[in-house]
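> Chain by chain, the residues run as shown.
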Amino acid sequence: MAAIADEVELLWALIRQRYGARLDEAQLKIVRETLEGLARDVAALRGAKIPDDAEPAQPFIPFRAEP
Amino acid sequence: MSVAFRTIRELGADLRAGRLSPVALAEACLHRLDTIGGKLNAVVTLTRERALEQARRAEAELKAGRDRGPLHGIPYGAKDLLATSGGIPTTWGAAPFRDRCFTYDATVIRHLEEAGAVLVAKLAMVEFAGGMGYRQPNASFTGPGISPWSPDAWSGGSSSGSGSAVGAGLVPFAIGSETWGSILSPAAYCGVTGLRPTYGRVSRHGAMALCWTLDKLGPLALTADDCGLVLDAIAGADPADATAAVRHYRYEDREPGRPFRFAVVRGTLEAAQPAVRETVGRALDTLRTLGSVEEIALPDLPYEAMTRVILWAEGASAVESLTESGAIAQLTAPEDRVTPYARDAILAKDYVRALRLRGVVAREIDRVLSRFDAIVGPSRAAVGPRLGEEFRSPIRGGAADVLGAIGNAAGLPSVGVPCGFTPEGLPIGLQFMGRAWDENIVLAAARAWQARTDFHRRRPPLA
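Protein chains in written order, with my numbering: chain A, 1 to 67; chain B, 68 to 530.
In short, the hints are calculated from the structure, not lab data. A portion of the hints provided could be inaccurate.
What the hints assert, rightly or not - DEER-style ranges, computed between Cβ atoms:
1) B:R333 with A:P67: 54 to 60 Å
2) B:R317 with A:A21: 53 to 59 Å
3) A:E36 with B:P528: 38 to 44 Å
4) B:E337 with A:R32: 28 to 34 Å
5) A:A21 with B:P366: 43 to 49 Å
6) B:H315 with A:A21: 51 to 57 Å
What the hints assert, rightly or not - Here chain B is said to cover these stretches of chain A; the calculated rule only asks that three of the stretch's residues, wherever they fall, bring their Cβ under 8 Å from a Cβ of chain B:
7) 9-21
8) 39-45
9) 51-57
To be verified - Rough simulated footprint, nothing fancy, chain A against chain B, three-plus residues with beta-carbon under 8 Å:
10) 371-385
11) 405-414
12) 424-431
From the three backbone atoms N, C-alpha and C, an ideal C-beta is built for every residue, glycine too.
So that you can see chain B by itself, here it is in the shape it has in the complex (with noise of 0.2 Å):
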């Protein structure tokens, strides 16, 4: 039986009716990462011994009628960001870090662990979660993260190998964090279902710090209903971390009963690509069949800016030590070496003024989704750069991406599915975005997309 591109949910059937065990389901993910995952430069390390004692374990609590939950005995990979102990290294993509060990693991991976699921892989992303000014694809040392879709296309980043190794069938859902675009960008360039969740929703503790106040975790997967299952199994307090929320979460799969009302924000589809703009406009024609969709304008204020400002000013205080030492002229990509000596010119001030005018945002935008279920767009506004472009980047002032800059900076949960394929067989991704704490509701109105399409049971040509 095959077990590539099966939903959490089908695997998980198979193993409680004995159809599939949960170490043959291991096996199978390992050889699949090792092999396929090889070319894509999708994995760090494979965690072959820990993922067959949580196999074994696994199974055997299965077997004895003990059911830790939908995600009991189901591989997963994690992002190279995650601290994992036991001798796994935890490299964040970066060349200095190739051999770092921690002793322990991160929050996100013990409550899986608790959930029965089995860690098969840490998984490769852009080096320092693309916080260092990259702007091309070849900036991890594991080599550029390739989409299951074309052996010439970026799998987009930071969470590269999470959005391939999904997207390649090579494991039923990864982990990911972003910061602004690492989750949704992969989960656009490999046709997958990526979802960003609300910031505090889950525990940053044991992850990477990139921007302290902008840093998210959470999952990609082939549909919304399995992110939302992971989500379930990742959120919650932790004394650890004192921005992981109290606020409870679990996990509903009913629709709403009712027409879903949608927002699309003037000027987010004319900013887009082509080939982005026509695919995503005959999805805006799907979504009426949903419910509503009205254009609204946003009040003309500086959100890619404040974004960026933050993310910089933070960033720069995150990898300090390494700026200072000149550690940084190890990593991969050249811009990497030196974009980061740029920022010491933020001053103070301006960093507090784009905080406040966070605050000013959060409002503003909250009173704006108050009227709806999520604002939809692009994922990206432009499909996955070839693995020998430069492309412009939201994230360097390059590119528009007003959504990413208010979702992120406003904490917003987005979950991004696939839409449509350029003409050169190329993913594009739609995105819902909703209010606070509304995973709920992004999650449901995706799954009635998914429930409409049938984008996300595509398999790619080098899968």
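Chain A on its own, in the form it takes in the complex (with noise of 0.2 Å):
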């Protein structure tokens, strides 16, 4: 979990620098709530096992305009 939680510093210093000057404490709390509640969410999923071979469930149709 060390590795997630230096993750979330510089995810929040990303964050922070884009979007910091549009808020206010109250606001950033919230937002730093929700990141960190992401955070966890992305650490149970890095923990799960996935076959090499599982591709994403995600189609993608090529597309070709008919007269």
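Put the two chains together into one complex; each comes in its own frame, and the hints tell you how they fit.
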């Protein structure tokens, strides 16, 4: 979890840099709580074993305009 | 003759027998929407002109013997994320879009018009279909949706007006949408029946995109049978939506002629509030008279985290222009004005990982479901919160909803039905979730439940 905690701080710096000027302290607190929740989700996700051949469940459909 | 709380089939019989006219029916619904609907914050726009035009057409056609089917002359409301032409605003529940109009109809609206249904209202919804991270009922520029069961209770969301309008007998049916919980939640909190179809069963063209791979459109109505009739009219392929499946759908109201096989996922009842746990526990006893109920365990996977990452990553992209421009500052719920900023923290690799796990989960849950007609469980783990209360939401990670996470990520159909009430009189919902494309099976199970119980026939005090 140490790596995730470090990552949270890096991503927090990114968010503050991008949007910090728009947000007051109370709003920053909401964003920070959300970020920490996301970090917990991501940690859980990274902990799940996925077969190497598991492809994203996401179809891409080539497009061709028909006359 | 009162037209409130009458099913599509009952109204259809009266329309065809000449005991009721489509125009009178539309007028009655418009009046109830205008009066009761206003008190419930259920309505964004009454579509009176379009409704009366469609009703007059239905009247003439039915008189001339041209019958478009079960929805001919039946009024309905549409969640206000479905594009409508003719100068009718489509607001997405969000103040920045309160006057925005489209020049075309969403495919669902078009299908319903072809079926002869009568659009009487655009119904209220949580701003941006709840995708901005709200955690309280007051998250729409039309005010918090109110359940017809208590002036102090939330209607659920994000299809708030769709739930309360059907629950208060203002329309026979409504269209809602679900990304994660937005049909089953208002169905439960308003004491009505809601069907979340299989992903791809219904075209999303013309519907607000919150999360392209999770969004689904479906009906809310008084009964499972009515939901089937509506799905029959709105399902189907659509050149304008590549994810709309070619797979044919026809609603069948036949009973399976054998006992049902239900499964309950271990832990789902335990995670619910005591009132929900006890009520759904009693419902399981009733279900055992319809067939078998087997407790099962699912593989230990981060279902909720996976679905949240997909929802939030796609949601961040869907509202990127509003977030970057700062226009989200105009939203109603204070948390909706800022929560999306956190989503920049989702790394692409994690999003793709969630999509890869999603495929694993879809196969795994189908393997489990292949032995059953449906997994049953609470539609929501908690009853509807009070209007001023902050609530815990699975979308924010504050509440458990394994069935919702799996069902939405795997795109599975689920029908939510009323199954009881709290001592305070708030409704509680039971869901039947089935294999992909098995809407007819979950609807059959829900019909069997409603044939055995009367919760769907009880009427709320605010109606």
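> Work down the list of hints and note, for each, if the structure agrees.
Comparing the hints with the structure gives:
1. B:R333 with A:P67: 54 to 60 Å: holds, 56 Å
2. B:R317 with A:A21: 53 to 59 Å: holds, 56 Å
3. A:E36 with B:P528: 38 to 44 Å: Given about 42 Å between the Cβ atoms, the range holds.
4. B:E337 with A:R32: 28 to 34 Å: Given range 28 to 34 Å: holds, Cβ gap about 31 Å.
5. A:A21 with B:P366: 43 to 49 Å: holds, 45 Å
6. B:H315 with A:A21: 51 to 57 Å: holds, 54 Å
7. 9-21: Holds, because 6 residues of the region 9-21 of chain A bring their Cβ atoms closer than 8 Å to Cβ atoms of chain B.
8. 39-45: holds (count 6)
9. 51-57: With 5 residues in contact (Cβ-Cβ under 8 Å with chain B), the coverage given for the region 51-57 of chain A holds.
10. 371-385: holds (count 6)
11. 405-414: Per the Cβ count (9), the hint holds.
12. 424-431: holds (count 5)
Figure legend: structure checked against the earlier numbered hints; every hint is met.
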